[in-house]
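Q: I would like the entire structure built from these sequences, with the hints used as guidance.
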Amino acid sequence: MSWRRICAADSVALNSLKKFEVDGIPVVVANYGDGFRVFPPICPHMEEPLEESGLIEGKVLTCTKHLWQWNLATCQMEGTETEKLMHFYDVKQEGDDLLAFIKSEHIYEFDEEDEMDDDDFFNS
Amino acid sequence: MKITLQTKSGQFEYDCAPGETILSAGLRHGITLPYECATGTCGTCRCRVMQGDALMGWQEAPGAARLKREKGDCLMCQTVVSSDALIRVASQNVLGAFPRGHVPAHCNGAIANCRKLTHDVMQFDVMIDQPMSFDAGQFVTLAVAGVTGPRAYSMVNFQQATDRLTFVVKRSAGGAFSDWLFDTDVAGATLKVFGPLGAATFYPDEAKNIICIGGGSGIAGMMSIIERACQENYFNDHKGHVFFGVRTLKDCFYMAELSEYVTCAGPNLSVTVALSDEDTGLATHPDFDNLKLDTGFVHEAASRAMTGKFDNMVGYVAGPPPMVDAALRVLIAEGKLPPADIRYDKFS
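Line by line, the protein sequences give chains V and Y. Using the working numbering, the first residue of the first sequence is number 1, and each one after it goes up by one. Using the working numbering, the first residue of the second sequence is number 125, and each one after it goes up by one.
Treat the hints with care, since some could be wrong.
[As the list claims (entries may be wrong)] As a list, the in silico DSSO-like pairs of lysine-lysine whose alpha-carbon atoms are at most 27 Å apart:
1. Y:316 / Y:126
2. V:84 / Y:416
3. V:19 / Y:470
4. Y:374 / Y:416
5. V:84 / Y:433
6. Y:470 / V:84
7. Y:126 / Y:195
8. Y:195 / Y:240
9. V:59 / Y:460
10. V:84 / Y:132
11. V:19 / V:103
12. V:18 / Y:470
13. V:59 / Y:332
14. Y:470 / Y:132
15. V:92 / V:19
16. Y:416 / V:59
17. Y:195 / Y:132
[What the hints assert, rightly or not] Pairwise CB distance ranges (calculated):
18. Y:269 / V:105: 48 to 54 Å
19. V:58 / Y:243: 42 to 48 Å
20. Y:297 / V:26: 31 to 37 Å
21. Y:186 / V:105: 25 to 31 Å
22. Y:174 / V:71: 26 to 32 Å
23. V:117 / Y:186: 23 to 29 Å
[Unchecked claim] If we take Cβ atoms under 10 Å as the criterion, some of the chain V residues that face chain Y in the derived model are:
24. 15
25. 57
26. 58
27. 66
28. 81
Calculated directly from the structure, the hints in this document are not laboratory data. All residues carry an ideal CB built from backbone N, CA and C; glycine is no exception.
A: Written out as structure tokens, the structure is:
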């Protein structure tokens with residue numbers, strides 16, 4: 001059973017981000033108006049804490065540090081700066097509660113290690 | 125030494141002079157290597173040295189905090205090689221020639237015309253031995269013998285093929301460069317200059333209205349932008365909104381220059397000086413009645429004044445990091461500006 005209760009849905013105000021810890025796993029909940037998204041609490045770019053650096057406007061989440069953006073309605077990248085997808089946990093609402101499907105904590109690979117070590121990629 | 129550079133957009137080769145960083149060597153050959161600060165603080169210019177002898181000068185650079193040293197990762201802006209080297213950069217956007225703007229170069233400079241503008245702000249010129257052209261809003265790095273590591277400063281002036289670069293520096297507590305500048309007779313002192321650098325640039329052919337939100341010496345690059353705009357009568361057809369934050373009236377500088385710009389530009393250019401620590405009760409500057417005064421943080425002044433006026437806008441932001449963050453929020457949330465239309469140097 002990996003659906004975990006994160007919080008009461010009404011505890012995250014419209015167009016705001018709030019950090020929670022669920023069974024020792026930190027997550028951020030974003031309320032973008034049409035629903036909620038739950039994702040790891042740091043920016044996949046340079047580990048900025050999204051609860052502080054994040055800004056939601058028009059369903060788009062911006063990390064204000066370097067202007068990477070993701071559309072919270074479609075989960076896709078937005079804008080001209082963004083180079084990596086955000087990891088979104090599946091989310092659902094049951095009554096007043098917000099639940100996310102978290103098998104284990106998602107950790108971003110920050111140094112693109114696989115790519116840097118990929119000789120074929122660089123030689124192609 | 126020869127650098128062979130592998131990127132996701134192809135392979136490049138270029139020469140690197142003894143003692144020269146991998147970054148500046150690549151940039152001066154017109155290769156669009158990724159960087160932001162060029163001085164070790166941001167971490168954008170990370171690369172991996174696959175072969176060759178490389179040494180990263182500033183081991184404790186803030187931008188180096190997350191490097192995988194054991195894999196040969198280093199910051200290009202801090203690294204010199206002592207042999208031919210093979211390096212990798214995980215970028216898809218490296219080009220072999222600048223699509224726009226000026227290829228940077230090394231030159232020698234000497235300090236002249238030092239002038240204290242307030243108790244803790246100084247303007248000075250650096251006379252350089254080779255003419256430089258730059259875009260309004262760009263910066264160079266200045267390296268002084270005896271002061272560890274180059275510093276990045278934006279040009280205040282705007283001229284093509286000039287031998288004079290003008291800078292403004294606010295004294296920062298414990299800052300080695302500003303201590304040197306304020307505490308010694310620096311006139312005639314020589315320094316190494318590399319530039320121009322940076323992408324917080326103004327191009328008149330973009331034909332957008334402009335908003336500048338600057339705090340303290342962050343106004344530097346904006347002075348260059350307004351200077352260019354005035355030189356080219358840009359404000360005949362476009363609006364300009366400048367918000368300049370300082371603490372109190374006695375911390376103001378460039379008031380005469382800004383007032384002159386407003387006089388030249390006419391009603392399409394407005395300048396608001398926001399005083400964070402003083403409520404004068406005045407609507408305009410006591411000495412320059414075409415400069416508006418406001419009380420509070422500069423991003424708040426911008427927010428108050430700009431409601432409904434963000435049409436076709438490009439925004440420039442510079443200043444202390446908390447001010448930059450707050451101003452970016454205004455431009456994104458209230459101005460609805462996309463990242464392509466928000467320009468600032470990402471120095472952290």
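Q: Would you mind marking each hint as holding or not holding in the structure?
A: Hints and how they fare:
Distance restraint check for residue 316 of chain Y and residue 126 of chain Y: the Cα-Cα separation of roughly 23 Å lies within the 27 Å cut-off, and the hinted pair is therefore satisfied. A distance of roughly 43 Å separates the Cα atoms of residue 84 of chain V and residue 416 of chain Y; the hinted pair therefore is violated under the 27 Å criterion. Restraint check for residue 19 of chain V and residue 470 of chain Y: the C-alpha separation of about 25 Å stays at or below 27 Å, so the hint holds. Under the criterion of a C-alpha separation no larger than 27 Å, the hint pairing residue 374 of chain Y with residue 416 of chain Y is consistent with the structure, at around 16 Å.
Pair hint residue 84 of chain V plus residue 433 of chain Y does not hold up; C-alpha atoms about 33 Å apart against a cutoff of 27 Å. For the given pair, residue 470 of chain Y sits about 18 Å from residue 84 of chain V by alpha-carbon distance, which is consistent with the 27 Å threshold. Pair hint residue 126 of chain Y plus residue 195 of chain Y holds up; C-alpha atoms about 21 Å apart against a cutoff of 27 Å. Restraint check: the Cα-Cα separation between residue 195 of chain Y and residue 240 of chain Y comes to about 47 Å, which exceeds 27 Å; the hinted pair is violated.
As the CA atoms of residue 59 of chain V and residue 460 of chain Y are separated by approximately 12 Å, the hinted pair is consistent with the 27 Å bound. For the given pair, residue 84 of chain V sits about 15 Å from residue 132 of chain Y by alpha-carbon distance, which is consistent with the 27 Å threshold. Between residue 19 of chain V and residue 103 of chain V the CA atoms are separated by roughly 18 Å; this keeps the pair inside 27 Å, and the hint holds. Between residue 18 of chain V and residue 470 of chain Y the CA atoms are separated by roughly 25 Å; this keeps the pair inside 27 Å, and the hint holds.
In summary, the hint linking residue 59 of chain V to residue 332 of chain Y is supported, as the alpha carbons are separated by about 25 Å, within the 27 Å threshold. As the CA atoms of residue 470 of chain Y and residue 132 of chain Y are separated by approximately 23 Å, the hinted pair is consistent with the 27 Å bound. The suggested pairing of residue 92 of chain V with residue 19 of chain V holds, with an alpha-carbon distance near 17 Å, which does not exceed 27 Å. For the suggested pair residue 416 of chain Y and residue 59 of chain V, the alpha carbons sit about 35 Å apart, so the restraint of at most 27 Å is broken.
A distance of roughly 19 Å separates the Cα atoms of residue 195 of chain Y and residue 132 of chain Y; the hinted pair therefore holds under the 27 Å criterion. For residue 269 of chain Y paired with residue 105 of chain V, a C-beta distance near 49 Å keeps the hint of 48 to 54 Å intact. Taken as a hint, the range 42 to 48 Å holds for the pair residue 58 of chain V and residue 243 of chain Y, whose Cβ atoms sit roughly 44 Å apart. Between residue 297 of chain Y and residue 26 of chain V the beta carbon distance is about 35 Å. The supplied range of 31 to 37 Å therefore holds.
At roughly 27 Å, the beta-carbon separation of residue 186 of chain Y and residue 105 of chain V lies within the given 25 to 31 Å, and the hint holds. For the pair residue 174 of chain Y and residue 71 of chain V, the beta carbons lie near 37 Å from each other, so the given range of 26 to 32 Å is not met. At roughly 26 Å, the beta carbons of residue 117 of chain V and residue 186 of chain Y sit within the given window of 23 to 29 Å. Because the smallest distance between the Cβ of residue 15 of chain V and any Cβ of chain Y comes to about 9 Å, under 10 Å, the interface hint for this residue holds.
With a cut of 10 Å, the hint placing residue 57 of chain V at the interface with chain Y holds, because the nearest CB-to-CB distance is about 5 Å. The beta carbon of residue 58 of chain V is positioned within 10 Å of a beta carbon in chain Y (closest approach about 7 Å), and the interface hint is therefore held. Interface hint at residue 66 of chain V: satisfied, since its Cβ lies 5 Å from the closest Cβ of chain Y, which is below the 10 Å cut-off. Because the beta carbon of residue 81 of chain V sits about 5 Å from the nearest beta carbon in chain Y, less than 10 Å, this interface hint is met.
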